[in-house]
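Peer 1: Chain by chain, the residues:
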Amino acid sequence: MNPGSSGKGQQLQELRQSTVRFAGDSGDGMQLVGSQFADLASLSGCAIRTIPDFPSEIRAPAGTLAGVSGYQLNFGGEEVLTPGDQPFVLVAMNPAALRVSLPELQPGGLIIVDTDEFTPENLAKAKYATNPLEDGSLEGYRVVPVAMTTLTEEATKPTGLPPSARARCKNFFALGMTLWLYDQPMQPLLEWLMRKFRKDPAVMAANAASLRAGYNFANTTELLRVHYRVAPGHLPPGRYRRVTGNEAMALGLIAAAHRAGRPLVYASYPITPASEILHELSARKEFDVRVIQCEDEIAAACAALGASFAGALGATGTSGPGLSLKTETLGLAVMTELPLVVVDVQRAGPSTGMPTKTEQADLLMALYGRHGEAPLPVLAPATPADCFPIAFEAIRLAIRYMTPVLVLSDGFLANSAEAFRIPDVNTLPDLRAEAPPPPPPGEFAPYRRDPKTLARPWVAPGTPGYEHRIGGLEKQDVTGLVTYDSENHRRMVELRARKVEGIAGDIPPATVDGPAQGELLVVGWGSTYGAIAAAVRQAQLEGHSVAHLHLRHLNPLPRNVESVLRGFRRVLVPENNTGQLATLLQSRFLLPVQSLPKVEGRPFLIRDIRNTIEELLRS
Amino acid sequence: MSANAAVSLPESPAPSAADCLRQLTRKDFQTDQEVRWCPGCGDYAILAQVQKVLAGLGRPRHQFVFVSGIGCSSRFPYYVNTYGFHGIHGRAPAIATGVKCANPELSVWVVTGDGDGLSIGTNHLIHALRRNVDLKILLFNNRIYGLTKGQYSPTSEFGKRTKSSPLGTIEQPINPVQTALAAQATFVARTIYADPGHLAQTLEAAARHRGAAFIEILQNCRIFNEGAFDPVADRARAEESRILLRDGQPLRFGKGGRFGLAIRDMEPVVVDLEAEPHRAAELIVHNVRSTSPALAALLAELEPPHFPTALGVFRQVERPTYEELLMRQIRDAVAKRGHPDLQALLQSGTTWVVE
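So the sequence lines, in the order shown, correspond to chains A and B.
Under the numbering used here, think of the first position of the first sequence as 1, with each following residue one higher.
Under the numbering used here, think of the first position of the second sequence as 1001, with each following residue one higher.
These aren't lab readings, by the way, just hints derived from the structure by calculation.
Positions of the beta carbon are idealized from the N, C-alpha and C atoms, including for glycine.
Any given hint could turn out to be false.
Said to hold, decoys possible - Label pairs and their computed distance ranges (CB to CB):
id	chain 1	residue 1	chain 2	residue 2	range
1	B	Gly1150	A	Tyr368	33 to 39 Å
2	B	Gln1329	A	Asp424	26 to 32 Å
3	A	Pro451	B	Leu1167	39 to 45 Å
4	B	Glu1303	A	Met354	48 to 54 Å
5	A	Arg229	B	Glu1355	42 to 48 Å
6	B	Leu1167	A	Ser282	26 to 32 Å
7	A	Thr483	B	Asp1265	27 to 33 Å
8	A	Ser282	B	Arg1264	49 to 55 Å
To be verified - Here are the simulated lysine-lysine pairs, DSS-like style, with alpha carbons at most 30 Å apart:
id	chain 1	residue 1	chain 2	residue 2
9	A	Lys127	A	Lys598
10	B	Lys1336	A	Lys199
11	B	Lys1149	B	Lys1160
12	A	Lys157	A	Lys196
13	B	Lys1052	B	Lys1027
14	B	Lys1027	A	Lys196
To be verified - Some chain A residues close to chain B (C-beta under 8 Å, calculated; not the full set):
id	residue
15	Lys127
16	Ala231
17	Leu235
18	Pro237
19	Pro263
20	Asp296
21	Gly306
22	Leu332
23	Gly472
24	Val478
25	Thr479
26	Gly480
27	Val482
28	Ser486
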């Protein structure tokens, strides 16, 4: 607990960062202890990045490989940009958890196992022919075998709870051991337990006893003589909280609607991995968030669009299969030129694909996947916390340019968490002024555009003197009347495109991390940010001429993208798809681009990118 | 605005004196758009009655919104001088749900057809009714696809020969009124384009109902399904071919109310009261507020040649509307948690300070 504990022949080592993974059965409470440890690491000033790995099945059979639930946390200095390539510490609560997590563990890594769970039955469920704790297969790792269930049951006896209830506290035993291992204080957690279980003192006491027992066990066992202190980061000053991408997205939508002075109507149909946005918003009704859980994805898009027509901010969230269903409504939104935000939390496809696994393969669909010429702005957050400003920006653009806006998040961002620097809400842009006020009724025409933005006026039903009709049929320029005039159609197609292209003048220019010119530029978008940034910084530290360009606006692209690209001899584009942005950049700018695809349902590791950078620089 | 101010729709300018005080007429609801339905189309009569009824509701034009899908009937919003949204095929109830939830003060009308509302858009129709969103849904049923030039529709009679069913359809038609009843609509009615008085009366009853109102309007397509409802539309035969539903009244039809409707063995039977006057007590007494929609569903099924077609209000019950409940939850949340404080929301949960 204090450096003095190192006096008993124990050694305290300093680390710049460390990755720990808690893995157990889905009933073992791994997400809970993982997120608590993340908060503790944050309190000690570390940067954090987490990723959960939960089973696809709601109730997979206990002890099976399918039922393993994991929580991985990377923490330390500002170089913490991903959840970590390889855990340094693995807490495995049963054989299945060990088997699932072992391949990713760092060589020489530390494994803490609950030996009580290594029964013949559980070994069989995990498809182990022999006990890995005894057959020598874990040579090369440091194994700390602990009879965690038994020790927890003993430590919690005074609470009077039945043994089964007491045994359930073993996740706190594991957490207590981890606290000692990383030289973290117990006090904040004990206080948290007091608050959390204030109505259930016995459970509170059992968890606290288990936490202490785990801590003390680690402190005294001969098996652990070394523990670690991870250096804090140098995060910008401010108040922080931990957010997942989906949480930040929901907060961003609420904040933007609030600053626009309009109700948020969020119409959605439940779908993995976007549903948490629906849940978060449903719980925030006091912000005049009107949530409609619709009958299907199409209805969700249509209800959101109808709400925007009526003067609210319509938004909807979905994942790939739902985006397919919403495309016709997106076309209608392009034609009627109404604000609408569609969040696509991408997952591995096609079709149902792998709903709980991440992918970035909806990019070209977002850009081009509509019938007719139907351009619209496309944004992508780079990190979980970045979902907040991106949601805000999506609403800003939707109002200012009277257009649907597509936001491409993904399963990795949705569930991964990091520290979010909480903004002062008074510094957030006031979005009420974004929509230009309509002219007097006599001069009003539904498609008379603002000369600067080319946006048409937004006048909601209920406003006297402005009665007008809009719809999916082609509109006459200015009047908005239905017309099949060929010259008018050509003009309207061009106007709609020019309006969206004009946004390029309203977004920040592309800036690179690294030299403005050089050997290699690594270009990314969306959730690949952390892995690319870390890999590029490592290469830079070794003196390589490498830079990183990360695109948050994918349509329109910042105006200087081409000149940035041309400053480098080679361009590498890592993506969780088979090369969609690479294709786009090549076709747009007619320059050679090297694609680094990864379509395994998992985010990039730093080394995936690092190895490719090295190969390219050698060749 | 302070970041903590309550959120509301942007304020609208006050209605013009002209719109507020003057008694509006049908003309106020006409647009400068040339109406482009085929000559003789039943839609003209419906448009005229809708415009007339709107004028009499005592609400200014800017408070009305007409939402439609795709099809001949869905051109409707272009011809009504209110706010209008011509949507995509089948989705009008979903768009209208969003409109109503964004601004519950508006009077929102949905115009759809048998293809739009009961084929591609059945799902949305059913759910809007089930939720009891305060929408006035007018379904023009001509039992044919008109705009796509004459294919059978989901309400076409079994065996009907059309361009896409040269040997006759092999599909059982869907019954619009029964569908609405099954979806727990709180107002369900049927009327016919050819009886302007009945049409206007039904529209007005729907307009004054609080909740989802569904009206099936039997309509004639001159070009592709001429005469589909002639037996009902024909004024000369109206007494025999129509049975008018009147709340609290026994169901009678025919000249002088000669016939009545009773139930035997769970089947409707026609009673000739001239031959059997003593059976008058057996007649079904119409009750729009009946707890069960079963009897209404039975009446919805009556059709020629064995029965007259039932017209009027099948069911009208009270239930809180969707948008009412939605806004109540918002008000309750504000009452419980206080006025929204964005800064407090962002700072909720565990936070920490980096110096």
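Peer 1: Are the hints correct? Go through all of them and say.
Peer 2: Status of the hints after comparison with the structure:
1. A beta carbon spacing of about 35 Å between Gly1150 of chain B and Tyr368 of chain A agrees with the range 33 to 39 Å that was offered as a hint.
2. For the pair Gln1329 of chain B and Asp424 of chain A, the supplied restraint of 26 to 32 Å holds, since their beta-carbon distance comes to about 30 Å.
3. Roughly 60 Å separates the CB atoms of Pro451 of chain A and Leu1167 of chain B, a value that falls outside the hinted 39 to 45 Å.
4. Restraint check, Glu1303 of chain B to Met354 of chain A: a C-beta distance of roughly 51 Å satisfies the suggested window 48 to 54 Å.
5. Evaluation of the 42 to 48 Å hint for Arg229 of chain A and Glu1355 of chain B yields a failure: the beta carbon distance comes to about 19 Å.
6. At about 51 Å, the CB distance of Leu1167 of chain B to Ser282 of chain A disagrees with the hint of 26 to 32 Å.
7. The hinted window of 27 to 33 Å between Thr483 of chain A and Asp1265 of chain B is violated, with their beta carbons roughly 60 Å apart.
8. Range check, Ser282 of chain A to Arg1264 of chain B: Cβ separation about 51 Å, and the 49 to 55 Å hint holds.
9. At most 30 Å may separate the alpha-carbon atoms for a hinted pair to count; Lys127 of chain A and Lys598 of chain A meet this at roughly 28 Å.
10. Between Lys1336 of chain B and Lys199 of chain A, the direct Cα distance comes to roughly 21 Å. Compliance with the 30 Å bound is thereby established for this hinted pair.
11. For the given pair, Lys1149 of chain B sits about 15 Å from Lys1160 of chain B by alpha-carbon distance, which is consistent with the 30 Å threshold.
12. Between Lys157 of chain A and Lys196 of chain A the CA atoms are separated by roughly 21 Å; this keeps the pair inside 30 Å, and the hint holds.
13. The hinted pair formed by Lys1052 of chain B and Lys1027 of chain B meets the criterion: a straight-line CA distance of about 8 Å does not exceed 30 Å.
14. With a CA separation close to 66 Å, the supplied pair Lys1027 of chain B and Lys196 of chain A exceeds the 30 Å bound.
15. Against a cut-off of 8 Å between C-beta atoms, the interface hint on Lys127 of chain A is violated, since the closest Cβ of chain B lies about 39 Å away.
16. A cut of 8 Å between beta carbons decides the hint on Ala231 of chain A: the least distance to chain B is about 14 Å, and the hint is violated.
17. At about 5 Å, the closest approach between the beta carbon of Leu235 of chain A and any beta carbon in chain B falls short of 8 Å, and the interface hint on this residue holds.
18. The interface hint given for Pro237 of chain A is met, as the beta carbon of that residue sits about 5 Å from the closest beta carbon of chain B, less than 8 Å.
19. A distance limit of 8 Å between C-beta atoms decides the matter here; for Pro263 of chain A the minimum to chain B is near 6 Å, and the interface restraint holds.
20. Hint status for Asp296 of chain A: holds, given a least beta-carbon distance of 6 Å to chain B, under 8 Å.
21. Among the interface hints, the one on Gly306 of chain A holds; its C-beta lies about 3 Å from the nearest C-beta in chain B, closer than the 8 Å criterion.
22. The interface hint given for Leu332 of chain A holds, since its Cβ lies 5 Å from the closest Cβ of chain B, which is under the 8 Å cut-off.
23. Taking 8 Å as the C-beta cut-off, the interface hint given for Gly472 of chain A holds, the closest approach to chain B being about 6 Å.
24. The restraint placing Val478 of chain A at the interface with chain B is violated, with a minimum CB-CB distance near 15 Å, outside the 8 Å limit.
25. Taking 8 Å as the C-beta contact cut-off toward chain B, the hint placing Thr479 of chain A at the interface is violated, the least distance being around 10 Å.
26. At its closest, the beta carbon of Gly480 of chain A sits 11 Å from a beta carbon of chain B; the interface hint therefore is violated under the 8 Å criterion.
27. Evaluation of the Val482 of chain A hint against chain B yields a held restraint, the C-beta minimum of about 7 Å falling below 8 Å.
28. Look at Ser486 of chain A: its Cβ only gets to about 19 Å from chain B, farther than 8 Å, so that hint breaks.
Consistency with the previously given hints fails for numbers 3, 5, 6, 7, 14, 15, 16, 24, 25, 26, 28, ordered from lowest to highest.
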